[in-house]
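Colleague: Sequence:
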Amino acid sequence: MFLEGKEFKSVWNAAHLWAGYDPELTDPNALPNEVRDYIHWFIVGHFRGELPLRRKWLLIDCSDESLFNGLLSITTWVKLRRCLSKNAFDKTFLDSLRIARGELIRWCHKEFRAPPPFWLPEAINGESSKNNDGNEDTSWYDTFPERDKQRITMLEIARQLWEQNQTLSYHDIYDHDAMAKYGYTSKFSFEVFKKWASRFAPEAAKAPGRRPQSKN
-3 MFLEGKEFKS VWNAAHLWAG YDPELTDPNA LPNEVRDYIH WFIVGHFRGE
47 LPLRRKWLLI DCSDESLFNG LLSITTWVKL RRCLSKNAFD KTFLDSLRIA
97 RGELIRWCHK EFRAPPPFWL PEAINGESSK NNDGNEDTSW YDTFPERDKQ
147 RITMLEIARQ LWEQNQTLSY HDIYDHDAMA KYGYTSKFSF EVFKKWASRF
197 APEAAKAPGR RPQSKN
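Each residue of the sequence shown is one higher than the one before, counting from -3 in this note's numbering.
What the hints contain is simulated information worked out from the structure, not anything from laboratory work. Do not take every clue at face value.
Subject to a maximum C-alpha distance of 25 Å in a straight line, what follows is the list of computed DSS-like cross-link-like pairs (lysine-lysine) [stated by the list, open to error]:
{"#": "1", "residue 1": "LYS190", "residue 2": "LYS202"}
{"#": "2", "residue 1": "LYS191", "residue 2": "LYS145"}
{"#": "3", "residue 1": "LYS202", "residue 2": "LYS191"}
{"#": "4", "residue 1": "LYS75", "residue 2": "LYS87"}
{"#": "5", "residue 1": "LYS106", "residue 2": "LYS145"}
{"#": "6", "residue 1": "LYS145", "residue 2": "LYS183"}
{"#": "7", "residue 1": "LYS2", "residue 2": "LYS87"}
{"#": "8", "residue 1": "LYS190", "residue 2": "LYS177"}
{"#": "9", "residue 1": "LYS202", "residue 2": "LYS183"}
{"#": "10", "residue 1": "LYS106", "residue 2": "LYS190"}
{"#": "11", "residue 1": "LYS202", "residue 2": "LYS82"}
{"#": "12", "residue 1": "LYS145", "residue 2": "LYS177"}
Simulated DEER-style distance windows between Cβ atoms [claimed, not checked]:
{"#": "13", "residue 1": "LYS2", "residue 2": "PRO198", "range": "37 to 47 Å"}
{"#": "14", "residue 1": "ASN83", "residue 2": "VAL188", "range": "25 to 35 Å"}
{"#": "15", "residue 1": "GLU30", "residue 2": "SER81", "range": "13 to 23 Å"}
{"#": "16", "residue 1": "GLU99", "residue 2": "ARG155", "range": "19 to 29 Å"}
{"#": "17", "residue 1": "VAL74", "residue 2": "ARG143", "range": "37 to 47 Å"}
{"#": "18", "residue 1": "GLU30", "residue 2": "ALA84", "range": "10 to 20 Å"}
{"#": "19", "residue 1": "GLN160", "residue 2": "LYS82", "range": "18 to 28 Å"}
A virtual CB, placed ideally from N, CA and C, is assigned to each residue, including glycine.
Input sequences plus hints: build the corresponding full structure.
Modeller: In structure tokens, the structure reads:
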């Protein structure tokens, strides 16, 4: 189909390209962590009802009462659950699921992520990503409002701190020296931070009654 690549990509290809890997060269039984993370992110977004997926160009919708679409959606749901819970990455199946460009970019903005580079305008139109000075064109960054840039920075710092130490609580992260210096926490309340950061927080941080540790 002529829209393939420009307006649609498979879940398998999108995850690989975004992570910087060749979709044809990886082992489904030993995927790089970055590829696995993107696939899981797509699935979670779909289960939240915020990132539509298509199979054989049909929108997956479990509420559809038609027999064919109902069976297709249920079968897809079961396979997605298996992928998410058991890390069972079926290349053929994931390559049959498609994401639309506009829907993924809207999802990125909602999640405070930069859009994937393969769907930036110059990549779609086959234009050079270099500006007149020969440097990489980073004008896509200017499309984000200043407050969104601050949110992205804060959440990325939180994510990296939790990757380093999963025993830290929400308060530990929010009050961390790195967050105070670079994370714009003075502009966002603790409750707002906690709500946004919940997608990155480990289970230990979500446990009731957690007390902050001493600052690192």
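Colleague: Indicate, hint by hint, whether the structure satisfies it.
Modeller: Hints versus structure:
{"no.": "1", "hint": "LYS190 x LYS202", "verdict": "holds (10 Å)"}
{"no.": "2", "hint": "LYS191 x LYS145", "verdict": "holds (17 Å)"}
{"no.": "3", "hint": "LYS202 x LYS191", "verdict": "holds (11 Å)"}
{"no.": "4", "hint": "LYS75 x LYS87", "verdict": "holds (12 Å)"}
{"no.": "5", "hint": "LYS106 x LYS145", "verdict": "holds (12 Å)"}
{"no.": "6", "hint": "LYS145 x LYS183", "verdict": "holds (12 Å)"}
{"no.": "7", "hint": "LYS2 x LYS87", "verdict": "holds (21 Å)"}
{"no.": "8", "hint": "LYS190 x LYS177", "verdict": "holds (18 Å)"}
{"no.": "9", "hint": "LYS202 x LYS183", "verdict": "holds (23 Å)"}
{"no.": "10", "hint": "LYS106 x LYS190", "verdict": "holds (16 Å)"}
{"no.": "11", "hint": "LYS202 x LYS82", "verdict": "holds (22 Å)"}
{"no.": "12", "hint": "LYS145 x LYS177", "verdict": "holds (15 Å)"}
{"no.": "13", "hint": "LYS2 x PRO198: 37 to 47 Å", "verdict": "holds (38 Å)"}
{"no.": "14", "hint": "ASN83 x VAL188: 25 to 35 Å", "verdict": "holds (32 Å)"}
{"no.": "15", "hint": "GLU30 x SER81: 13 to 23 Å", "verdict": "holds (20 Å)"}
{"no.": "16", "hint": "GLU99 x ARG155: 19 to 29 Å", "verdict": "holds (23 Å)"}
{"no.": "17", "hint": "VAL74 x ARG143: 37 to 47 Å", "verdict": "holds (40 Å)"}
{"no.": "18", "hint": "GLU30 x ALA84: 10 to 20 Å", "verdict": "holds (18 Å)"}
{"no.": "19", "hint": "GLN160 x LYS82: 18 to 28 Å", "verdict": "holds (27 Å)"}
The structure meets every hint from the earlier list without exception.
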